[in-house]
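S.K.: If you want the building blocks of each chain, they are given just below.
2 protein chains.
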Amino acid sequence: MAITFYDLCGRDAKRFSPYGWRTRMALAHKGLDYDLELVKFTEKDKLAFSGQKLVPVIVDGDRTVNDSWAIAEYLEDSYPDRPSLFGSPEGRGMAKAINGFVNTTIQPLLAPLIIADILEHVDPADLGYFDESRRQRFGRPLAEVQADRDAKVDGFRKSLEPYRIVVKDRAFVGGDGPTYADYVLFGTLQWARCTSAYGLVTADDPIHSWFERLLDLHDGLGRSEPAA
Amino acid sequence: MAITFYDLCGRDAKRFSPYGWRTRMALAHKGLDYDLELVKFTEKDKLAFSGQKLVPVIVDGDRTVNDSWAIAEYLEDSYPDRPSLFGSPEGRGMAKAINGFVNTTIQPLLAPLIIADILEHVDPADLGYFDESRRQRFGRPLAEVQADRDAKVDGFRKSLEPYRIVVKDRAFVGGDGPTYADYVLFGTLQWARCTSAYGLVTADDPIHSWFERLLDLHDGLGRSEPAA
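In order, the protein sequences belong to chains X and Z.
Residue numbers for the first sequence, in the UniProt record's numbering: 1 to 228.
Residue numbers for the second sequence, in the UniProt record's numbering: 1 to 228.
Here chain X stands alone, though its shape is the one from the complex (with noise of 0.2 Å):
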């Protein structure tokens, strides 16, 4: 019975949620088909049966999982025989820091600089809620949090020095093969390459070439997304 992965979408099918990303490389990685339901923000209706309201959700079987992190978990322990996302046991608890290093760490510093160019790829009967919803949390309009982003993009940079000092002599996190360590960071700038066309990266730096290595994984699957 097939996997069914419900995943943000915006304007015109795009998908840019760095959650989303997470699962979705995830799931490539394990090698698992899965049917598609695509859900707006307006749509968490779609979400009910999941007894919340984001994404990703995945469905197999009987079994219902949300929350990226715990479906990393759960399509390790029920595919084992697959390519690990970890590694190891010791790998599975050092991935899991590093998902909380870089959604507490990293995402928080790159939002203000993308936020208002994300209201371009959101469907046009999100806008309302999403453009209300993220004032609210910034508490400023939006293109004014973005104004200033030429000033604050060193401190972004700067925060990924963590994974810069890895994948500046080895092709991933863990070494020769990309593991979810990789794809937590992925998702995370997969979601800025969609949505805006803002230099975050400069080319002479490792994170480019990794990231530039993630985009080719399994058949190309980062780049069959249009960039902004």
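Warning: the hint list may mix true and false statements.
To be verified - Subject to a maximum C-alpha distance of 20 Å in a straight line, what follows is the list of computed EDC-like cross-link-like pairs (lysine to aspartate or glutamate):
| # | chain 1 | residue 1 | chain 2 | residue 2 |
| --- | --- | --- | --- | --- |
| 1 | Z | K14 | Z | D126 |
| 2 | X | K168 | Z | D67 |
| 3 | X | K14 | X | E161 |
| 4 | X | K46 | X | D12 |
| 5 | Z | K168 | X | D67 |
| 6 | X | K168 | Z | E73 |
| 7 | Z | K158 | Z | D205 |
| 8 | Z | K168 | X | D12 |
Source of the hints: derived by calculation from the structure; they are not laboratory data.
Quick caveat, the model's predicted, so the values are computed rather than measured.
On the provided structure of chain X, position chain Z as indicated by the hints.
M.R.: Chain Z in isolation, oriented as in the chain X frame:
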């Protein structure tokens, strides 16, 4: 031929370097004996042979290695038959990223909370150097830096969240046994435990129970250094 381990010491040979503790735990994890050379802040000439001025440094036969992360990798590669510090090749890269995250996010939030307390534990010969160099780093007197710590401690506690979500339902970051990913944050918190009585972590915080487990490891090695 035994390893020589150069570690920082303060008043009464107290050892509180966060990086020194990472190396000390790594050496214990590998079950390696060593000769100890204590180095005060103003005795950095003792390290001249290593081509730089910072502890920890180890000398193993004809190899000299400085920087706690480089030492961890050296020990893992040179003593592959001893218990692994990383659990797997994937875990090595992930632990390196975690080492980077702790250094750049948690440690800078901790330093201002304890920096004046540390003065009490610095060797009298080092006091002038320590006070002046740290005053320059923080841009004001250390007592002043520390004065508003009650307002800042919540930010520090929040920064521990990536570890907290992992150790709230497992004994160590990597699962049942400790890895270098544990020793990284342990070193940082042990630095505080040895130099300050300030209540950084509440008793009901999963980080507290995890830290107690770390203090018990390797025959109570961490606990053998008196708390401030």
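S.K.: So, for every hint listed, does it hold in this structure?
M.R.: So, going through the hints one by one against the coordinates:
Note on K14(Z) and D126(Z): the hinted pairing holds, with a Cα-Cα distance of about 13 Å set against a maximum of 20 Å. Only pairs whose Cα atoms come within 20 Å are accepted, and K168(X) paired with D67(Z) is accepted, the gap being roughly 18 Å. Among the hinted pairs, K14(X) with E161(X) is inconsistent with the structure: their alpha-carbon atoms are about 30 Å apart, more than 20 Å. Pair hint K46(X) plus D12(X) holds up; C-alpha atoms about 19 Å apart against a cutoff of 20 Å.
Only pairs whose Cα atoms come within 20 Å are accepted, and K168(Z) paired with D67(X) is accepted, the gap being roughly 18 Å. Restraint check for K168(X) and E73(Z): the C-alpha separation of about 16 Å stays at or below 20 Å, so the hint holds. With a C-alpha separation of about 11 Å, the suggested pair K158(Z) and D205(Z) falls inside the 20 Å cut-off, and the hint holds. Note on K168(Z) and D12(X): the hinted pairing is violated, with a Cα-Cα distance of about 41 Å set against a maximum of 20 Å.
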